[in-house]
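Colleague: Quick mapping for you: the protein sequence lines, in order, are chains A and B.
So the first sequence is numbered by the working numbering: it starts at 1 and just counts up by one.
So the second sequence is numbered by the working numbering: it starts at 1 and just counts up by one.
Keep in mind the hints are simulated off the structure, nothing from the lab.
The reader is advised that the hints may include incorrect statements.
[What the hints assert, rightly or not] Taking beta-carbon pairs under 8 angstroms as the criterion, some of the chain B residues facing chain A (in silico):
#	residue
1	51
2	73
3	91
4	227
[As the list claims (entries may be wrong)] With a Cα cut of at most 35 angstroms, we get these calculated DSBU-like pairs of lysine-lysine:
#	chain 1	residue 1	chain 2	residue 2
5	B	64	B	385
6	B	141	B	46
7	A	173	A	2
8	A	106	B	46
9	A	250	A	173
10	B	385	B	396
11	B	64	A	109
12	A	60	B	346
13	A	201	B	83
14	B	408	A	173
15	A	201	B	46
[Claimed, not checked] Just so you have them, the derived chain B footprint on chain A, three or more residues with Cβ under 8 angstroms:
#	segment
16	117-124
17	291-303
Backbone N, C-alpha and C define an ideal beta-carbon position, used for all residues, glycine too.
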Amino acid sequence: MKDKLIYFLELTGFTWFIPLIRLSAGESPKHQMQELGKMVGVPLFAIAVFLFLWHLGAAKVITSLGQVPGPTQVWEQVNVLVDEHYEARDREQAFYERQEQRNAAKLEKNPDAEVTIRPYTGKETFFDQILTSLFTVFIGFLIATLIAVPVGIVAGLSDTLYSALNPLIQVFKPVSPLAWLPIVTMVVSALYVTDNPMFEKSFITSALTVTLCSLWPTLINTAVGVSSIDKDLINVARVLRLNYFTTVWKVVIPASIPMIFTGLRISLGIGWMVLIAAEMLAQNPGLGKFVWDEFQNGSSSSLSRIMVAVLTIGIIGFILDRITLSFQKFFSYDKNAVIR
Amino acid sequence: MRKQLSITRRKLVKSLAAASLVFSTGMMSVTSAYAAPGEIEKPELKFGFIKLTDMAPLAIAYEKFFFEDEGLYVTLEAQANWKVLLDGVIDGTLDGAHMLAGQPLGATIGFGTKADIITAFSMDLNGNGITVSNEIWDQMKPNVPMGEDGKPVHPISAEALKPVVESYKAEGKPFNMGMVFPVSTHNYELRYWLAAGGIHPGFYAPHKGDTSGQLQADALLSVTPPPQMPSTMEAGTIYGYCVGEPWNQQAVFKGIGVPVITDYEIWKNNPEKVFGVSKAWAEENPNTHIAVVKALIRAAHWLDENSNANRPEAVEILSQSRYVGADYEVIANSMTGTFEYEKGDKRAVPDFNVFFRYNATYPYYSDAVWYLTQMRRWGQIAEPKPDSWYMDIAKKVYRPDIYALAAKELIEEGKLPASAFPDFETETGFKPTQTEFIDGIAYDGTQPNAYLEQFPIGLKGEEIVE
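Extracted from the complex, chain A is given alone in its bound form (with noise of 0.2 angstroms):
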């Protein structure tokens, strides 16, 4: 019970619980708290340390837009924007009430008159476009993964593809995704035309911004594990005679796994970071917009809640990268491999 508890965890990457629960079940005390220490209490104090730097410096540099934010106010604005968040909520309750009782008055007048309920027309809150932007970046890197992993494996598989792909993918590589979106936008522009979109035309350009961008490192990475697979269990299929696809999917994939996803990891944080500068140009409602909004809008909060939003995405990103290094450590065949 306890070995699976603990299996468990170091699987999710919550590791400063194992020493507690060694604890509990009266391991070696001296020795837990040691580990507790250094896993917890190390961290801990370097974080305390940064913010009494930040602080300290913050006061010193004064720009044009106020003082530099330090952790005080960064802490206000998280609390103004829960606020916020509560009363855009009320307000769309409000909204609803008045819809509903413009409804109610149309039927006392005409029972047979068509009444519909038109949803909410305000701005999302910081925590709606938390969401968009989870969303669209989990679109982006699907849509990255589908074209990466399957052309990463076959040029892996055959010499001949991968030189010809490589001179593409070399070249292609480093383009910054600000010089991507132009040619993004203009080309869902001209594409994309319905008259009953389901999805907005910034939100396609921002995923397929983030795929263009992250779809490089996992292409790279199972194109290299591919190839670098042990010869010997390519031998062992063709013994027994396996067709490709058995091949492919009983013997290449599971081998190479672990570049596989490394690639993933790195495609996503790629991706992540992608995906903040392409929202602020295409204008999708998530945390890109969110802070080229405030930084238009120059009032003397704007930077604390830029800062906000700098702390938010890359928590985020940390949480999206420990997400995947468990899914990693899932599908890797190889348990006792020490992976971070």
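Mind docking chain B on chain A? Use the hints.
Modeller: Below, chain B alone, put in the same frame as chain A:
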């Protein structure tokens, strides 16, 4: 007008009876356009705006539920810059937008992206200012006449800036200034002010492919989005700019610049922003368009009601981060009738922003013609055009007929009195000759070419930029 209506109704009833089986759906939409408020074709709308205080009618129409009263469910979305906003209206992402008065005209004549944009509602008068950086102001100040109270005499002419520009030119440094868009009111007002002081702001030569607007210029004008103006000036990329509020007061607030003149002093009660929609949209959704104009008229009226009594509340709304977002104090100045020039030099400018008074919401043809003349003056209209061309374009783009329909519905519903509007029977759409310009040149909207002849700097007659 009444006679015409009843004849049309009789005709329609006749044709309805004759062709009702086959044409019933089509005819219905025609009848509803001339009868009482018709069915709203498109209740869910998205409008774009730029973060400037004069987007107020849109914000107020939303917050005070004027849109909802008309059965409209409007989402307001801030746009990144004027080009994105215009593209949004053209490609249909936005149903309509807060636009510069020159944008529908520029788009229709094909300067920039070509598209048919019309407007039936003028959003406000005045509201801009020209700000220069602290260094430039220090160099200008000795040239500005001082009053008895030790403060500069207003309006400050660009003649005070001329020696500064000459000295920069002598040193070989380009004198850069910013405005918000090639067909923006700010561009024309800045050019007007500079030219009135003897500084050449540059020509456009679209027929030669040169749309920089900097040919033969003493001062080089370039485009910067409004919210980025203060930071661009702080960075030293530009020495001054012409922009709408709150970006002039923002510069004073942050201590990075000094507003030297407001556009109220360049041309008293000049038209500023309009509410623009694409012509195709207006034709597909005539009743919706009228409903939108009705809500906006009510919002504009609310903003100027009781001698601007509602302005503080309006500022509270505008300072929300989803609208303009700047600090309350920065927006409050101009919206409540004061304007701070140099730090500490606050003067009363009660008509700095006018939303409804002086028939501010009526789309006058003479306003359209003025912008067209300035486009010709600086070469955006490369070839000489006859007076009739100006009239045709103005009548195509500015639609007081739609405004009149909306106003009449409001009068019938008792929401606003008939006295709040011009007399629609006699209104020609041309204001009488206006003389309150900083250089005193008189403007008669019916004589555009004669008007252009009066300027020392600028294209006139048959001139073309070589």
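Colleague: Identify every previously stated hint that the structure contradicts and give their numbers, smallest first.
Modeller: Of the numbered hints given earlier, those the structure breaks are 5, 6, 7 and 14, listed in rising order.
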